[in-house]
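K.L.:
Chains as they are written, first to last, in this note's numbering: chain A, 91 to 189; chain B, 29 to 265.
If you are wondering where the hints come from, they were derived from the structure by calculation, not from laboratory data.
From the three backbone atoms N, C-alpha and C, an ideal C-beta is built for every residue, glycine too.
A hint or two may mislead.
[Claimed, not checked] Label pairs and their in silico Cβ distance ranges:
1) B:Ala51 with A:Val164: 51 to 57 Å
2) A:Val118 with B:Leu189: 44 to 50 Å
3) A:Ala160 with B:Ile36: 42 to 48 Å
4) B:Ile55 with A:Thr125: 38 to 44 Å
[Claimed, not checked] Computed footprint of chain A on chain B; a stretch qualifies when at least three of its residues, placed anywhere within it, have a C-beta under 8 Å from a C-beta of chain A:
5) 62-70
6) 102-111
7) 144-158
8) 169-176
9) 180-187
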Amino acid sequence: MSIDATNLLAILAMALVTYATRIAGLFVADRLALTGRAKAAFDAIPPAVLVAVIAPTALNSGWPEAIAAAIAAVAAFRLPLLATVAVGVAAVVLLRGIM
Amino acid sequence: MDQANPYIASARRDARAGLRDIAPAAIAAVPIGLLFGAVAVTKGLSPAEVALMSALVFAGGAQFAAIETWTSPAPVLALAFGTFLINVRHVLMGASLSPKADLSRGGKLAAFFFLTDESWALAERRALDRPVTGAYWAAMAAVLYFNWVVSTTLGAVLGSLLGDPARFGADFAFTALFIGLVASFGRSRVTLVTVAASAAVAALVHRFVGAPWHVASGALAGIAAAYLAAGEGSSRP
Numbered sequence: 091m092s093i094d095a096t097n098l099l100a101i102l103a104m105a106l107v108t109y110a111t112r113i114a115g116l117f118v119a120d121r122l123a124l125t126g127r128a129k130a131a132f133d134a135i136p137p138a139v140l141v142a143v144i145a146p147t148a149l150n151s152g153w154p155e156a157i158a159a160a161i162a163a164v165a166a167f168r169l170p171l172l173a174t175v176a177v178g179v180a181a182v183v184l185l186r187g188i189m
Numbered sequence: 029m030d031q032a033n034p035y036i037a038s039a040r041r042d043a044r045a046g047l048r049d050i051a052p053a054a055i056a057a058v059p060i061g062l063l064f065g066a067v068a069v070t071k072g073l074s075p076a077e078v079a080l081m082s083a084l085v086f087a088g089g090a091q092f093a094a095i096e097t098w099t100s101p102a103p104v105l106a107l108a109f110g111t112f113l114i115n116v117r118h119v120l121m122g123a124s125l126s127p128k129a130d131l132s133r134g135g136k137l138a139a140f141f142f143l144t145d146e147s148w149a150l151a152e153r154r155a156l157d158r159p160v161t162g163a164y165w166a167a168m169a170a171v172l173y174f175n176w177v178v179s180t181t182l183g184a185v186l187g188s189l190l191g192d193p194a195r196f197g198a199d200f201a202f203t204a205l206f207i208g209l210v211a212s213f214g215r216s217r218v219t220l221v222t223v224a225a226s227a228a229v230a231a232l233v234h235r236f237v238g239a240p241w242h243v244a245s246g247a248l249a250g251i252a253a254a255y256l257a258a259g260e261g262s263s264r265p
């Protein structure tokens with residue numbers, strides 16, 4: 091249960107940087123009054139970021155992951171969130187077993 | 029005290045909605061947290077250090093990336109820079125969510141310590157038809173935070189007992205969860221163009237340049253595509 095000094099420093103640096111990114115948005119948001127295309131671009135931030143985070147896993151890992159991602163996408167339009175996760179996980183286990 | 033009752037009642041309702049909305053994400057995060065703790069111990073971190081990192085950083089993606097490059101002694105500056113690259117998306121997320129959150133500036137400074145992909149995405153979805161209140165956000169944040177700190181620490185303590193999480197697909201839970209969240213933003217033409225552009229650019233950058241550059245470049249490509257797809261016609265008020 092020891093804490094190494096350098097590890098502690100690294101953890102504190104990571105924490106500081108992370109908190110800075112979390113609150114930085116507060117200081118730009120108030121100056122934005124968006125309409126038209128700019129608003130469409132701003133509204134696109136949530137799906138654009140979410141997709142960018144998972145794209146490598148879904149598209150670069152192999153066929154089982156790519157097909158399971160497609161199955162999860164189809165399920166996502168019909169099922170609640172937890173069911174979508176269950177379908178996706180079951181699909182990837184099954185596909186990894188047979189491919 | 030009668031006047032206070034409607035507020036308390038609506039706060040309770042919002043907190044319950046927060047608990048209900050975050051439950052799937054919290055459940056999906058348990059195997060990911062166990063995995064993180066187990067991997068971190070193999071890189072030489074103690075369970076106390078794992079607990080401390082989860083409590084102070086509380087960012088799964090950045091923590092996984094840090095652990096992958098962790099050596100002894102820890103490369104402090106490289107770890108800080110990698111963490112920044114992965115978490116710089118928080119700036120956009122915070123800017124997008126801030127006007128929709130029904131909180132004071134001080135409240136936001138405290139609340140946004142707990143900003144994660146999951147709670148942010150759920151709050152954005154809720155903001156489509158309701159204000160995001162402090163009670164709603166606090167319920168989500170508390171569950172996810174407690175869940176992450178406990179599951180990563182447990183993973184560190186249990187360590188090698190767990191075996192390979194890929195065996196039961198636990199490594200894919202995060203991806204499936206995000207796909208479900210993306211679907212909640214609908215399938216308008218602009219959204220579909222956004223998703224396609226972001227996915228293509230992120231996958232290509234990840235393959236040819238490497239992590240963590242794919243997050244920022246994919247997100248920017250999706251945002252640019254939305255700007256172009258919306259067209260001049262949408263500039264009418």
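K.L.:
Does each hint fit the structure? Answer for all of them.
P.N.:
Status of the hints after comparison with the structure:
| no. | hint | result |
| --- | --- | --- |
| 1 | B:Ala51 with A:Val164: 51 to 57 Å | 23 Å, violated |
| 2 | A:Val118 with B:Leu189: 44 to 50 Å | 46 Å, holds |
| 3 | A:Ala160 with B:Ile36: 42 to 48 Å | 46 Å, holds |
| 4 | B:Ile55 with A:Thr125: 38 to 44 Å | 40 Å, holds |
| 5 | 62-70 | violated (count 0) |
| 6 | 102-111 | holds (count 7) |
| 7 | 144-158 | holds (count 4) |
| 8 | 169-176 | violated (count 0) |
| 9 | 180-187 | violated (count 0) |
Hint check: violations occur at hints 1, 5, 8 and 9; the rest are consistent with the structure.
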